[in-house]
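*Asks:* Quick note, the sequences are listed as chains A and B, same order.
Residues 0 to 84 (numbering that gives the first Met the number 0) make up the first sequence, in order.
Residues 0 to 151 (numbering that gives the first Met the number 0) make up the second sequence, in order.
Heads up, some of the hints might be wrong.
Here's a subset of chain A near chain B, in silico, CB distances under 8 Å, partners left out [what the hints assert, rightly or not]: (1) Lys-25; (2) Ala-38; (3) His-42; (4) Tyr-47; (5) Ile-55; (6) Ala-56; (7) Ala-57; (8) Gly-71.
In case anyone wonders, no lab produced these hints; they're calculated from the structure.
Ideal Cβ positions, reconstructed from N, Cα and C, are used throughout, including at glycine.
As a plain string of letters, each chain reads:
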Amino acid sequence: MLVLSRRKDETIMIGDDIELTIVDIKGDTVRVGINAPRAVAVHRKEIYEAIKRENIAAAGQMALPDKGALGGIAALLKQAAPPRK
Amino acid sequence: MLGMKVCTSRFGEIDIPDEKAISFPDGVIGFREATRFVIFDCTEDGIFKWLQSCDRPELAFVICQANLIVPGYQVILGEKERALLGLEKADDAAVCVILMIPGDPKEATANLLGPIIMNSETRTGLQLVLVNPDYSARHPLFGGQKGQACSS
C-alpha cells in the first residue's frame, strides 16, 4: 500500500480525474472530499461489507422454502402497513 | 420457445423460458460471478419472490418490493446504473430488498442499504450500494426503531 502524508486542504490525485482532498482533521476523524467522475462508484467500505455480509447470510438461509414463515410475515406486514394503492 | 434448465438446491430442476431470465452484469455483492437470475413467487399472493441464480444452484434470495417494508422508500440512480439497466423511464424500475427470515418470522429483517433494482423492459438488474445513513442493512420488519411497518 502506498502511504502518503497530507495536511488539511492538500489533495491527492488518482489518475487524471479523481481527487481526494483532506477537508478537515479533528481528533481521530478525517473528513475527505472526493471529486470523481459519476461513473466511479465511491462507497464507505463498511457499508459495502455490511451488504456483502447480509447477502451471504440471506443466501445461506432457508434450506427449503418455508411458506408458513413467509405467509406469517405477509400477514404481519398487512396488519402493520396495508399496501397503498 | 427457447428455454433453459436451471438446477436449484431448493426447487430441483426448473425450466425457464429464456425471456424470463434476468441479467445481472455485475452479479450481486459477494457473488459477482452470479450474473443470471430468475424470479418466481414464494407465496400465492406474490408478495415475496425468490431471486434464484441460474449459475449457482444454492444461491437464492427472498425479495419483496421495498416500499412494502418502508413506504416511500426511494433510491437515486446514477448515470452508470441507468446505463447498465438500460433504464429510460423510472416506472420501469422495480425496487426490491432482500429479506433475512430466521425461524421466528417476527425477527425478519430487510437489507435497505443494498436494494435490488431491476428493469422489467430490458430484464436487467443490479444491487445498489446506498449511502443513506437512515437505512440499515438489517432493518427489522417489525418493531423497527422508526416505527416504520410497526404494528404497535
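*Asks:* Now look at each hint and say whether the structure bears it out.
*Replies:* Status of each hint after checking the structure:
1. Below 8 Å, beta-carbon pairs count as interface contacts, and Lys-25 (chain A) has none with chain B, the closest being about 19 Å; its hint is therefore violated.
2. For Ala-38 (chain A), the interface hint holds, the least distance from its beta-carbon to any beta-carbon of chain B being 5 Å, beneath 8 Å.
3. The interface hint given for His-42 (chain A) holds, since its Cβ lies 5 Å from the closest Cβ of chain B, which is under the 8 Å cut-off.
4. A least Cβ separation of about 6 Å between Tyr-47 (chain A) and chain B falls short of the 8 Å threshold, and the interface hint therefore holds.
5. Given hint, Ile-55 (chain A) at the interface with chain B, holds; its Cβ is 5 Å from that chain's nearest Cβ, closer than 8 Å.
6. The criterion of a C-beta within 8 Å of any C-beta in chain B is met by Ala-56 (chain A), whose closest approach is roughly 6 Å, and the hint holds.
7. Annotation: Ala-57 (chain A) was flagged as interfacial toward chain B, and the flag holds, the nearest CB pair being 5 Å apart, inside 8 Å.
8. For Gly-71 (chain A), the suggested interface contact is upheld, since its CB lies about 4 Å from the closest CB of chain B, less than 8 Å.
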